[in-house]
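Residues per chain, in single letters:
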Amino acid sequence: MPQQLNRIETVVKPVNTMEVEASRLCIDHLSLQLEGRAILSKLSTTLPATGIIALIGPSGAGKSTLLRCLNRLYEQWQGDITWAGQSIRNRDTDLLRRQIGLIGQKPAVFPCSIRDNVIFGLSRQQRRAIADEEIYKALQQAALWQEVEHRLGEPAEHLSVGQQQRLCLARALILKPDMLMLDEPTSALDPRSRDIIERSMMELGRSMPLLWVSHDLDQARRISNHILFMCDGKLIEQSDTESFFNQPKRIESREFMRWSVCDC
Amino acid sequence: MILLKPGLYLITSFIALLVLAVPFFLVQASAPFWASAGIMVLTGTEWFPYEMLFGMLPAIIGSTWAILIALFIAIPCGVATAIVTTELVSSSLASATRMGMEVLAAIPSIVYGLIGLWLLLPLLQASFDLLSGHSLLAAGLILALMILPLITLMSMDALKLVSSTQREAGMSLGLSWEALLFRVLLPQAWPAIRGGILLAMGRALGETMAVMLVVGSLDRMPEPIMNVLQPAQTLTSRIGREIGEAAFGSIHFSALMACGLLLALIGLSISLFAHTRVVKA
Numbered sequence: 001m002p003q004q005l006n007r008i009e010t011v012v013k014p015v016n017t018m019e020v021e022a023s024r025l026c027i028d029h030l031s032l033q034l035e036g037r038a039i040l041s042k043l044s045t046t047l048p049a050t051g052i053i054a055l056i057g058p059s060g061a062g063k064s065t066l067l068r069c070l071n072r073l074y075e076q077w078q079g080d081i082t083w084a085g086q087s088i089r090n091r092d093t094d095l096l097r098r099q100i101g102l103i104g105q106k107p108a109v110f111p112c113s114i115r116d117n118v119i120f121g122l123s124r125q126q127r128r129a130i131a132d133e134e135i136y137k138a139l140q141q142a143a144l145w146q147e148v149e150h151r152l153g154e155p156a157e158h159l160s161v162g163q164q165q166r167l168c169l170a171r172a173l174i175l176k177p178d179m180l181m182l183d184e185p186t187s188a189l190d191p192r193s194r195d196i197i198e199r200s201m202m203e204l205g206r207s208m209p210l211l212w213v214s215h216d217l218d219q220a221r222r223i224s225n226h227i228l229f230m231c232d233g234k235l236i237e238q239s240d241t242e243s244f245f246n247q248p249k250r251i252e253s254r255e256f257m258r259w260s261v262c263d264c
Numbered sequence: 001m002i003l004l005k006p007g008l009y010l011i012t013s014f015i016a017l018l019v020l021a022v023p024f025f026l027v028q029a030s031a032p033f034w035a036s037a038g039i040m041v042l043t044g045t046e047w048f049p050y051e052m053l054f055g056m057l058p059a060i061i062g063s064t065w066a067i068l069i070a071l072f073i074a075i076p077c078g079v080a081t082a083i084v085t086t087e088l089v090s091s092s093l094a095s096a097t098r099m100g101m102e103v104l105a106a107i108p109s110i111v112y113g114l115i116g117l118w119l120l121l122p123l124l125q126a127s128f129d130l131l132s133g134h135s136l137l138a139a140g141l142i143l144a145l146m147i148l149p150l151i152t153l154m155s156m157d158a159l160k161l162v163s164s165t166q167r168e169a170g171m172s173l174g175l176s177w178e179a180l181l182f183r184v185l186l187p188q189a190w191p192a193i194r195g196g197i198l199l200a201m202g203r204a205l206g207e208t209m210a211v212m213l214v215v216g217s218l219d220r221m222p223e224p225i226m227n228v229l230q231p232a233q234t235l236t237s238r239i240g241r242e243i244g245e246a247a248f249g250s251i252h253f254s255a256l257m258a259c260g261l262l263l264a265l266i267g268l269s270i271s272l273f274a275h276t277r278v279v280k281a
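If you read the protein sequences in the order shown, they are chains A and B.
First residue of the first sequence: 1, per my numbering; consecutive thereafter.
First residue of the second sequence: 1, per my numbering; consecutive thereafter.
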């Protein structure tokens, strides 16, 4: 078994084309057990500093759990996660969560106006002093401005699901995060809303790393620069998107691309 | 099985009739009193049945004070307990707290009255240098203890019902625990907590035995009106104490029925209000 793990780690070592030097999020032998079951097993990787990193794998592979560990929504993991050279355990949790934003699968808007939702994560002083320009910028980045420009005072629940998801995105972006994690953000959306979010995220990916969990291989191929393929709590393969889809190194990766299942 | 549906309809119709019969009965029984004394008794301050004086204001004020004291204590304590048990302590401790609250809720009210007589009255007597501990404060404290489980349990359920998606969204924005509590959890749980408070008010309003044992049953206005350390009277304790000595069919008996009607109307209003709030929540 240790031999197999070594082999996996060798394979997933970031390839030369990646911007390893500038990477800021490093995961080192991350393991997590929940209710006696191993969810993540000795997972190690270094994420590129920019671009969209698609985290793919079958259901139950531990993708969403990994995001929650990185965001410290789960705390009971072993191993280490470092962010800009410092273990996230030694960082202020609230600050870390503002720096590494997390967008969930289902949009969770708060029962207040669209404007108040956008500034929800700011402190009271920041909310009082916030300039409309900042709100405009966040909504513009989330590709929502044109649709809500004249209805910022309306309840956020009045928006469609796709618009609500983009509102959640704007809410995270106004905090000026250094990295965004998106847990299947388009799985509940119609194709038009999905396309809008994909486009705005590809734009954002030029300036910060986006870790995007997706079940949709076509989407991963379409939007991402890098691929992390997980199965059964382990990182099976990591490479740039083109290499992964054209020349996968692992048989599990090929099986997953062919059958959308993995027999780890 | 053919008779199942008609049977269910019959039972339901019977219950509906009973619900309608209660206020009808109270109106009918209190009608002679309203006819002879008039509506102004609501503001009268003297209650001497043998002199045909039926001022209800002291008891109304007594009930109001007792409920206000109870709510003033039980709401913060109940909501705080719910926050601690749902957000801060382990699930086993939360379950133990819930069980404890359910046990408290199941204790008969007369037992609370006896606890009040045995523990609370001597304590108040010694603390405030009173002739006896019988007072509106004692009634309010006993009522607070009685409605605390209801407010706590409703608040616990309300906080648990806040969706994990919303909770996680708040945490992902880097909100501190205090900000999460005051900006996400409590605002969303508040409609259901408010419903619980209104239901608790209904219970406090109708409570008789425990209050009767500790309130002192003295028919006079508190002097000054803010003084809750004097023996006083509530609507329920008056009915409980005097109904045995009022001759059936007399004006005195009818006046006590009027007190009952007043209580029923206030209770009904609170229940209806609470119901709409709970359903809305």
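No lab work stands behind these hints, which were simulated from the structure alone.
Glycine is no exception: its CB is placed at the ideal position from the N, C-alpha and C atoms.
One or more of the hints may lead you astray.
Stated by the list, open to error - To spell it out: a stretch of chain B is covered by chain A in this simulated footprint if at least three of its residues, at any positions, have a beta carbon under 8 Å from a beta carbon of chain A; those stretches are:
1) 156-167
2) 245-257
Unchecked claim - Selected chain A positions facing chain B (in silico; Cβ < 8 Å):
3) Leu95
4) Gly101
5) Leu102
6) Gly104
7) Ala108
8) Phe110
9) Leu175
10) Lys176
Status of the hints after comparison with the structure:
no.	hint	result
1	156-167	holds (count 3)
2	245-257	violated (count 0)
3	Leu95	6 Å, holds
4	Gly101	7 Å, holds
5	Leu102	4 Å, holds
6	Gly104	6 Å, holds
7	Ala108	4 Å, holds
8	Phe110	7 Å, holds
9	Leu175	7 Å, holds
10	Lys176	12 Å, violated
When held up to the earlier numbered hints, the structure conflicts with 2, 10 and fits the remainder.
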